[in-house]
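Undergrad: Residues per chain, in single letters:
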Amino acid sequence: MNWLERMKSGLKTRIKREIPQGIWQQCTHCGHSTYTMALERNYWICPECTGHYPISSRQYASLLLDEDSFAEMDATVTSSDPLRFRDTKRYSERLRAARRLSGLNEAILTGIGTMGGHPVALGVMDTRFIMGSLGSATGEKIVRLIDRARVDRRCLLLVCQSGGARMMESAFSLMQMAKISAKLRQLAEDRLLYITVLTDPTYGGVTASFGMLGDIILAEPRARVGFAGQNVIKQFLGTDELPEDFQIAESVLQHGFVDRIVSRDQLAVEIVRLIALLAPDGNPQEPPAAP
Amino acid sequence: MAENAFHLDFEQPVIALEKRIAELSQQAESDGLDLSEEIGRLEERAEDLRQRVYRDLTPWQRVQLSRHPQRPYTLDYLTRMTSDFVELHGDRAYGDDAAVVGGAARLDGEPIMVVGMQSGRNVAERQRRNFGMPHPEGYRKALRIMHLGARFGLPVLSLVDTSAAYPGVEAEYRGQAEAIARCMYEMSHLPVPVVVVILSQGGSGGAIALGVGDRILMLENAWYGVIAPEACSTILFKTRERKEEAADALKLTASDLHEQKIIDQIVPEPFGGAHRDWDEAAALLKRRVTEALAELRLLSAEELVRNRVEKYCAMGAYSD
Ligand SMILES: [Zn+2]
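First to last, the sequence lines map onto chains A and B.
In terms of this note's numbering, the first sequence opens at residue 1416 and continues consecutively.
In terms of this note's numbering, the second sequence opens at residue 5 and continues consecutively.
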């Protein structure tokens, strides 16, 4: 299946799951059916196999942040169509469809809020918006979020979920990797804590920029995390076989590129604990004096 | 250029005519005949033909030129542009990736640090250099060399030429994504002038990894973008064959990127492409690199870094 097909089928299955009209939901990992209300109470984690159902960016925001603390930023920032790109559809039409589907104007939701009382700047990607791909507006929203974190001295938290770069913006998309990476380096110079959460799937230019640049990198169980997509690798190497657990978060941790696997119900707790340990006083500008 | 040199489909008529002229000249000389009139006529026709073939290349034709097997690679430029090149090896963590070369050299007598991707001229060399597709250790070697340069105040010249970062199992295990991210992250803050040149192929994340700098130059027939036209064609049209349309759609030529304000300057190539005259190609590039470095040397480290970050922050096409 190529990228576009994956995107299309991914979108279809995802809507069904994320706008749960049915009473029952079926787990894609084990096939087990669960009562929707029970899933909602269980962070959309399958009670049978602990597989994580995909959830939307707003659902992440509400499960991570203190109640009613979220203030969305830059909700109107949206990609223009600089190349007037057209595949089977016009990119401009694709953007319109993505906006309708996700209720977002871009592939990331950004804003500020608190976690356990600590001020944070939060960005959550959303695969319902053109596979969570990295477009100009995605990059711009992240950069503005980073600047907000620097001004207010907030921890930065980015929840990643993306197929990678956005083909329809070609070099503009590519440059977002450099743009975000440069700003994250500024954030580090300002001694602000940056935590990433890698969720299923995180690929390409997102992994190869802000995904892998977290001071601390967390991942949801069994999330697929990689640079090159598995189909690309199979095609390139001329093989149908890739190692078991290849690009699965637990194996990425074994290779040294993820700090911790954190179940979704524990995410907020773990992040608050980390902030409290590393940056409890709203990230003081100067390092504390040695005792 | 060698007799059995490789030619692209669209340049065949030019090559055939040039060959005919060469044969006639040889014949004239060996037989003591005066064929100057005939040769002159053919030369005129050849010039006319060259103009028509090379003047308005399509994006796909430029992609073909960028991959021309006789096109100069990083080391071909370095040997012509610099002196005292001392190549450094290894990332100090895993290994030495021959798809990436780097070290210290002199440009007009001034020490600089250079890094770049390198492919090979023959089968064995291409395999050894993995077709210029870096593994993570290649990027980490480049970064080590750039950091070393920064410590001693040497400007950095990065020559980008890769179809992609290597998409393999081991590359993933060793953190291809992290290596690429780390390079951009650090290059954005190197406290020395950084000049980047897109030599031939600027293939996606594998290229931008070494592509963050103060001045981005791009050779006339290079391409730069998020995906190669054939792969794009596969996604769009379910076949690799509509690569011409894909190359058009991706807006990947030097003039496209200049218009998009993603590169700063287009570096002219010898007429018909860099493969037709390596010395001239290197001379044309050297002049632009020297000019760019001269301008950048006037700025302080703080100014360089601030301008560089701002430069990237301005990139993108969105509405608010
Ligand atoms: Zn299950």
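None of these hints come from the bench; they were simulated from the model.
From the three backbone atoms N, C-alpha and C, an ideal C-beta is built for every residue, glycine too.
Heads up, a few of these hints could be off.
In silico EDC-like links for lysine to aspartate or glutamate, alpha-carbon gap of 16 Å or less [as the list claims (entries may be wrong)]:
1. K242/B <-> E1487/A
2. K1504/A <-> E249/B
3. K23/B <-> E51/B
4. K290/B <-> D112/B
5. K23/B <-> E48/B
6. K23/B <-> E47/B
7. K290/B <-> D80/B
8. K290/B <-> E114/B
9. K1649/A <-> D112/B
Some chain A residues well away from chain B (every beta-carbon gap over 12 Å; in silico) [as the list claims (entries may be wrong)]:
10. T1449
11. P1462
12. G1466
13. P1469
14. D1489
15. R1499
16. G1531
17. S1548
18. T1553
19. M1583
20. M1592
21. E1604
22. G1626
23. P1636
24. A1694
Undergrad: Against each hint, give a clear statement of whether it holds in the structure.
TA: Evaluation of the provided hints:
A C-alpha spacing of about 39 Å is found between K242/B and E1487/A, which places the hinted pair above 16 Å, so the restraint is violated. At most 16 Å may separate the alpha-carbon atoms for a hinted pair to count; K1504/A and E249/B meet this at roughly 15 Å. Between the alpha carbons of K23/B and E51/B the distance comes to roughly 13 Å, so the proposed pair stays at or under 16 Å and holds. The hinted pair formed by K290/B and D112/B meets the criterion: a straight-line CA distance of about 9 Å does not exceed 16 Å.
A distance of roughly 14 Å separates the Cα atoms of K23/B and E48/B; the hinted pair therefore holds under the 16 Å criterion. Under the criterion of a C-alpha separation no larger than 16 Å, the hint pairing K23/B with E47/B is consistent with the structure, at around 11 Å. Taking the CA atoms of K290/B and D80/B, the gap is near 12 Å; set against the 16 Å cutoff, the hint holds. Note on K290/B and E114/B: the hinted pairing holds, with a Cα-Cα distance of about 13 Å set against a maximum of 16 Å.
Pair hint K1649/A plus D112/B does not hold up; C-alpha atoms about 46 Å apart against a cutoff of 16 Å. The Cβ of T1449/A lies farther than 12 Å from every Cβ of chain B, with a closest approach of about 33 Å, so its non-interface assignment holds. A cut-off of 12 Å between C-beta atoms confirms that P1462/A is not in contact with chain B; the least separation is 32 Å. Against the 12 Å criterion, G1466/A stays outside the reach of chain B, whose nearest CB is about 23 Å from its own CB.
For P1469/A, the requirement that its beta carbon stay farther than 12 Å from each beta carbon of chain B is met, with the minimum near 21 Å. For D1489/A, the non-interface assignment is contradicted: its Cβ lies about 7 Å from the closest Cβ of chain B, within the 12 Å cut-off. In this structure R1499/A is not separated from chain B by more than 12 Å, as the shortest Cβ-Cβ distance comes to only about 9 Å. No beta-carbon of chain B is positioned within 12 Å of the beta-carbon of G1531/A; the least distance is around 29 Å.
Against chain B, the non-interface label of S1548/A is violated: not every CB pair exceeds 12 Å, the least being about 10 Å. Separation of T1553/A from chain B is inadequate, the least Cβ-Cβ distance of about 9 Å not exceeding the 12 Å criterion. Its beta-carbon lying about 9 Å from the closest one in chain B, M1583/A breaks the requirement of being farther than 12 Å from that chain. The beta carbon of M1592/A is not kept farther than 12 Å from every beta carbon of chain B, the shortest such distance being approximately 6 Å.
The non-interface label for E1604/A is inconsistent with chain B: the shortest C-beta to C-beta separation is roughly 8 Å, within 12 Å. Under the 12 Å C-beta cut-off, the non-interface status given to G1626/A relative to chain B is violated; the minimum distance is some 7 Å. Every Cβ of chain B is farther than 12 Å from the Cβ of P1636/A; the closest lies at roughly 19 Å, confirming the non-interface assignment. A cut-off of 12 Å between C-beta atoms confirms that A1694/A is not in contact with chain B; the least separation is 20 Å.
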